[in-house]
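Novice: Sequence:
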Amino acid sequence: MRGLIFSFLLICSIQSSVAQNFVFTNGDTLSKVFEINDYSWAHTKIENLSEVNVIFKWEIITYNHPADWEFSMCDLPYCYTMGEMSGTMLPATGESIEAFLTLNIEAPSIDTGFYQIKVWDELFPENSDTLTITMISTPSFSAIEDDIQKPVPSYQYNDDVQKFTFKNPSDQQVKYEIYNVYGQLILSYQIEPESEKSIILDDWKSGNYILRYGANERSFYVGRIYILYNTPFLWEIQDVPELGVQL
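All letters in the sequence shown, in the order written, are residues 0 to 246 by numbering that gives the first Met the number 0.
Keep in mind that the hints are not guaranteed to be accurate.
In the DSBU-like style, the derived pairs of lysine-lysine whose C-alpha atoms are separated by at most 30 angstroms in a straight line are [to be verified]:
(1) K31 / K117
(2) K56 / K44
(3) K44 / K117
(4) K117 / K162
(5) K204 / K44
(6) K166 / K56
(7) K196 / K56
(8) K56 / K31
(9) K174 / K196
(10) K166 / K196
(11) K204 / K31
(12) K174 / K204
(13) K174 / K162
(14) K174 / K31
(15) K31 / K44
(16) K31 / K196
(17) K117 / K56
(18) K117 / K196
(19) K196 / K162
(20) K117 / K166
What follows is a set of in silico ranges between Cβ atoms, one per label pair, in the way DEER data are often shown [stated by the list, open to error]:
(21) P76 / L122: 16 to 22 angstroms
(22) Q155 / K117: 16 to 22 angstroms
(23) E121 / Y188: 30 to 36 angstroms
(24) N25 / L186: 25 to 31 angstroms
(25) E83 / D128: 17 to 23 angstroms
Keep in mind the hints are simulated off the structure, nothing from the lab.
Ideal Cβ positions, reconstructed from N, Cα and C, are used throughout, including at glycine.
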């Protein structure tokens with residue numbers, strides 16, 4: 000009986016020791032904003048926390064993007080060009096960051112792509128982790144540079160009343176959309192010309208959100224909102240300047 004108990008505890012100990020034997024160096028959630036008709040990618044190295052060599056495997060378990068987008072994957076040391084949905088890397092040296100994953104995107108249209116990639120140690124497939132990637136394509140700078148001098152939509156946060164305000168000073172109707180890091184639409188508003196709309200965000204969860212807003216493809220903007228609850232209450236809001244437009 001003691002032998003059975005000892006064996007059980009030994010197995011539990013071994014499983015526990017390999018439960019966290021790798022991490023994504025850039026975090027398990029990535030987001031990238033890029034211009035259409037431009038090759039782009041999202042990249043992270045994988046740190047092997049083990050003292051021994053590890054063979055990592057991966058599989059795309061979720062992908063949701065427009066039909067005209069094309070994607071490919073690269074790992075240690077291959078780049079896959081036939082739309083492969085899974086792969087096996089070469090052994091990564093113990094306690095190294097040799098292993099990596101890169102998602103490559105070619106996007107001829109303005110839209111959002113969402114991807115989830117499961118990664119695991121070949122010897123311990125039950126101890127996997129998932130990398131979540133959101134890719135957002137925007138108009139090229141040349142497509143919007145003529146509109147820079149015109150009134151542009153914007154947004155701001157009032158910390159005193161925890162209120163988020165969408166402002167539309169233009170002469171066109173503007174659509175605002177907010178997505179979470181999983182590419183899911185959280186809310187959508189149409190703001191009439193020369194008007195604004197406010198919402199209260201005191202019940203929102205902490206984390207990153209993607210804001211897309213504009214009247215058409217020639218006046219389209221992307222913002223990243225980072226919400227952090229703390230004591231005292233704290234919010235941070237920042238623009239993403241990839242479009243060359245300072246709001």
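Novice: Would the hint linking K44 and K117 be met if the CA-CA limit is 30 angstroms?
Specialist: holds, 14 angstroms
Novice: Please work out if K174 and K31 have their alpha carbons no farther apart than 30 angstroms.
Specialist: Answer holds: K174 to K31 is near 21 angstroms, not above 30 angstroms.
Novice: Can you let me know if the beta-carbon spacing of Q155 and K117 is within 16 to 22 angstroms?
Specialist: With a Cβ separation near 39 angstroms, Q155 and K117 fall outside 16 to 22 angstroms, so the hint is violated.
Novice: With a cut-off of 30 angstroms on the C-alpha distance, tell me whether K31 and K44 pass.
Specialist: Judged against 30 angstroms, a Cα distance of about 16 angstroms means the pair holds.
Novice: Hey, K196 versus K162, does the alpha-carbon distance stay inside 30 angstroms?
Specialist: holds, 10 angstroms
Novice: Compare the distance between the alpha carbons of K166 and K196 with 30 angstroms, and conclude whether the hinted pair is satisfied.
Specialist: Since the Cα atoms of K166 and K196 sit roughly 7 angstroms apart, the hinted pair holds (cutoff 30 angstroms).
Novice: For K166 and K56, compute the direct alpha-carbon distance and say whether it is at most 30 angstroms.
Specialist: Measuring from Cα to Cα gives roughly 47 angstroms; hence the hint is violated.
Novice: Can the restraint linking K196 and K56 be considered satisfied, given a maximum Cα separation of 30 angstroms?
Specialist: Since the Cα atoms of K196 and K56 sit roughly 47 angstroms apart, the hinted pair is violated (cutoff 30 angstroms).
Novice: Could you check the hint for me, namely that E83 and D128 are 17 to 23 angstroms apart, CB to CB?
Specialist: holds, 20 angstroms
Novice: Given the hint that K204 pairs with K31, test it: the Cα-Cα distance must not exceed 30 angstroms.
Specialist: holds, 21 angstroms
Novice: Do the alpha carbons of K31 and K196 lie within 30 angstroms of each other, as the hint requires?
Specialist: Holds, at roughly 28 angstroms.
Novice: Take a quick look at whether K174 and K204 sit within 30 angstroms of each other, Cα to Cα.
Specialist: holds, 23 angstroms
Checked against the numbered hints given earlier, this structure breaks hints 4, 6, 7, 18, 20, 22, 23; the rest are met.
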